[in-house]
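Participant: Each chain is listed here by its residues.
Number of protein chains: 2
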Amino acid sequence: MFKIKTNRDEVFEAHGKSILEVLQENKIYLPSSCGGKGICGRCKIKVLEGKVKTESSFGIKEAEKKEGYVLACKSYPEEDLLVELPFNLIAISERIAKAREELVERIFSENPHFFNPLVKRLNLNVKPPTIEDSRADFDRIIHTAGSKLKITPKEAAILSEFLREKNWNINLAIAPDEEEIISFMEPQEAIYGLALDIGTTTVVASLINMDKGKIIDVASCYNSQIIYGDDVITRIIYALENQKGIEILRKSIIDDINALINTLLLRNKMGQILYVIISGNTTMCHLFWGLNPKYIRQEPYVPVINHYPLWRASDGKINLKSNIPVYTMPSVAGYVGGDIVAGVIASGIYKEEEVCLFIDIGTNGEIVIGNKDWLITASTSAGPCFEGSGISCGMRATEGALEAFYYDPKRDTFEIKVIGDIPPLGICGSGMIDIVSELFKAGIIDKKGKILTNTSKHIVVEDDVKFHITENCYITQADIDNIIRAKAAIYAGISTALIEVGITEAEIAKVYIAGGFGEFLDLKKAIEIGMLPKLNSEKYYFLGNTSLSGSILCLLSKNFRDKAEEIAEGMTYIDLSRSKTFMDEYISALFIPHTDVNRFKVS
Amino acid sequence: MFKIKTNRDEVFEAHGKSILEVLQENKIYLPSSCGGKGICGRCKIKVLEGKVKTESSFGIKEAEKKEGYVLACKSYPEEDLLVELPFNLIAISERIAKAREELVERIFSENPHFFNPLVKRLNLNVKPPTIEDSRADFDRIIHTAGSKLKITPKEAAILSEFLREKNWNINLAIAPDEEEIISFMEPQEAIYGLALDIGTTTVVASLINMDKGKIIDVASCYNSQIIYGDDVITRIIYALENQKGIEILRKSIIDDINALINTLLLRNKMGQILYVIISGNTTMCHLFWGLNPKYIRQEPYVPVINHYPLWRASDGKINLKSNIPVYTMPSVAGYVGGDIVAGVIASGIYKEEEVCLFIDIGTNGEIVIGNKDWLITASTSAGPCFEGSGISCGMRATEGALEAFYYDPKRDTFEIKVIGDIPPLGICGSGMIDIVSELFKAGIIDKKGKILTNTSKHIVVEDDVKFHITENCYITQADIDNIIRAKAAIYAGISTALIEVGITEAEIAKVYIAGGFGEFLDLKKAIEIGMLPKLNSEKYYFLGNTSLSGSILCLLSKNFRDKAEEIAEGMTYIDLSRSKTFMDEYISALFIPHTDVNRFKVS
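Line order of the protein sequences matches chains A and B. The opening position of the first sequence corresponds to residue 25 in this note's numbering, with each subsequent residue numbered one higher. The opening position of the second sequence corresponds to residue 25 in this note's numbering, with each subsequent residue numbered one higher.
Don't read these hints as lab results, they were simulated from the structure. Remember, it's a predicted structure, so these values are computed and weren't measured experimentally. Glycine included, each C-beta is placed from N, C-alpha and C at the ideal position. One or more of the hints may lead you astray.
Said to hold, decoys possible - List time: in silico DSBU-like cross-link candidates among lysine-lysine, alpha-carbon distance up to 30 Å: (1) B:K178 with A:K587; (2) B:K345 with A:K178; (3) A:K341 with B:K174; (4) B:K345 with A:K172; (5) B:K318 with A:K151; (6) B:K341 with A:K341; (7) B:K341 with A:K178; (8) B:K582 with A:K174; (9) B:K151 with A:K604; (10) A:K172 with B:K144; (11) A:K275 with B:K582; (12) B:K41 with B:K345; (13) A:K318 with B:K190; (14) B:K341 with A:K174; (15) A:K174 with B:K587; (16) A:K174 with B:K345; (17) B:K587 with A:K151.
Unchecked claim - Below, a sample of chain A positions facing chain B; criterion: calculated Cβ distance under 7 Å: (18) D163; (19) P177; (20) P324; (21) D339.
Chain A on its own, in the form it takes in the complex (with noise of 0.2 Å):
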């Protein structure tokens, strides 16, 4: 039995695991997209002591190589090991779960009235029957629990002994609002709930103690279709023209969603997950439940549902007992998902007196204007780069992503800061965006955002135009075309919607900044470029994966639930595709940071 030792000193035994296996196994969660497949070359490590019998090396430089850079999923020990962690994984991830639950916290303190989880625990003290009351045993259950109760064929068929072996007092896991008895539980057994949000680019799972309304742990990896296609889109294409496409890109999420659960069973040390929510645009809501996406894309984009039924797992085809709820949080419109409901749950908009405007910028860009009495919402493409993908050096914001960047143009320097304080691996929205704004204020690239190349030192022309960080972190011309797009289509989106409904910007009382994305973000200078309307910073409000937190709300709140089904029905969806104004509005917003410079002067 080998061992595996971490620079920080901690010590697994590694049971002829792998490397990966054995540090999740000890809630040390490497990224990796693949799920331990070795094709994604995410869960590199390296390995300063100890023989390795690796598998596959893919996507690790032969330089790496010679440091003694492994991919930890396809690497096995073969004497006891020495390996470096690549960064603070634990307070990272803790940081990000804190705000959560943060925000979930205070939606509960505000609301404590709407803590009523969609599961919940039912202690049953039954009469045991006698000759002159022989009724059945699930009929004895229906009687003293004083209300009728659906159960499964397969709980049925246990029932008897569980009454017996527990003695006639029983703890049910029940789901009220079906009616159903979800599982038989142990008294001292927490009810546990699964929250996912599937993004196009990225999915998160978040587990849940039903009971307290805690969050336990937060897991995720890349959205594996995104080998089909960058955005939906090129999904749904992909869906249409290839024979089982529908089938393909379902159990390419699936197995994703599989391996989430995985992870966090195996992690948490627990057996069962009662109840699921999952949230996410409706193309990947379509995906999930394998229905055809076909007429999202055709005029006048028609989902097939927007308000689903509540399925099953097995339906799904997810790794839970095959009874397990799954609701999904209802959509408004073929570009507007459940994922922007939750975020309408999560950011309280709908509840709020004077107007407010939400978005969440993900692989698209969703905004929701108005108040307690009107609620409008309108979709935009931002394209994926925010999120780390059709961006050179792009990355999500997890460890390792260059977050921020100042630059002093008298000594064309530039300081950075990193995530996790280890060298840059890559770029994260929030550092594109500061990138853009530093360079464009220093004047090494113009209103259209043309890298003039005789401004700075760290430009290299290649085949493309590039300014690098370090060797092997740069950011090139296609790149910042490419962000240009994004925030003129983010901002276009907010300023048609505004022109629509017959707001003006300074009418607006509140923006909600929503996306993983946004936690990073440094809103003076995503203003500067021109990507978020020129108000007080006051009025700014960050609130992270809302798709996460708002689905979170809802499975610990069947008030939230049932909200969220109103949200989604009463909602007015614009059609921004069809938009001369739109049209207009974008390509204003193509310079940096608007043709219309007045928009964004200091007042």
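Given the structure of chain A, go ahead and fit chain B onto it with the hints provided.
Facilitator: Relative to the frame of chain A, chain B by itself:
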């Protein structure tokens, strides 16, 4: 391609299939309890001309082989054949079907507003989407239907194309009570349901056109669980004492049912069944669903469930679309099952003004006494003899069964009546009663049922004393003892139940006799041997298989289904197994007709 010609001058093409399959395809249904596996020996057929390849001759005697008998299920034509059909199969099944049809028709003509099937057709003219109204496809259907409907992911996956192919004018099969879309329909397609009577000995499946309320077809077979035990007690013991015993019994009955479904679908050239009702005794229903029958056998005889949730075809592993609802007729107690509740529905006893008696004679004998104000029920174990099991030459009341017997004591000769007018293949329940009655009246057997060996030339004494009808068809002393125990159990059950409620035989206004058995019963003789109370024959009504007809009524009527739940909940169960009165009554009834001859005196 070989042809099979019958002695009725029909000609069928064989297409490489077995004789059994070819005949089944052509609506000729040979008896077969093993579903064509070559292990029950019941589908034997005489080949008059032509050669066959035979894979098994299980149960066929050497002499029969020489005559040309083969197992139809395991015999394949090697040239054109001429076969002799054993008897007139069509006529008899039409006769039984006609009686049942008339019962169902009569009940709905008496209660026309009760015709309210569990699945209905819904024709919707859905407004196509526009840019101004781009709601989701499914949400449009809900809106058009004006009611909340659920849909499965499988149906949802094909919904969009279905809507567009049908140009937005669609037909759905919906279960109104469950608010569910069960299936998409073609405009001219009929809605079919299936009623299943799961007896301890016999399984009967009836195909119903739910649009018209018509019985389309019936198929039946022995319950293959018979090899694991003749009655419910031995089955429960098997289930508990063998590893995977419950699963073995479950699979056994499900295989029978899937074979019957197959036969019905093939024979009627149709594709889908959209609703299933099962009716059976408590143990049969438990084993169908894989529930643990352990506590049915232990005092106080508690089932797992009496009132079943609506489960699905996939839960029961029935070979139908996975979402097809399977409703289980509710039970009253461990020994009074849904078959009896179905019988109460079919007999109408629950709405009678005067006190009536209902008796279902199968492997168990269940008794119901009461009227519109009250109903009590009890169960007594008759054993399977009247269904043709456990008797040397016993068989079901199908073609070839000796169903009537008249003895001439002067000449020591007899006349017999055989179903299908062919030489007797065996003796069915009514034949057994006739034989015991006639031999008793002639003094060939005494009050205790003992054969007096010197009284007839038809008596042969070998290992047992036998009375021969033909060389291969006879009744033994052990058979007669068995029949007397069975009739005693039935009579004692009736008399004990009457004593319990303080009603005399004379106070009974009507007696309803149920059971496949009842269709051929000679009432006079059943009274003569002391099986049924001595009442005017006008008081007796023969209803046939009410487990089947009652479940057909429930399939066609939500009102009857609701009534069934109400009846099962409200009936009082009398446990005869602990009753001293029953034991006394039983012992007194072990004579022909009874120790208290006054009870059977001609009035």
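Participant: May I ask which of the numbered hints given earlier this structure violates, with the numbers listed in increasing order?
Facilitator: 11
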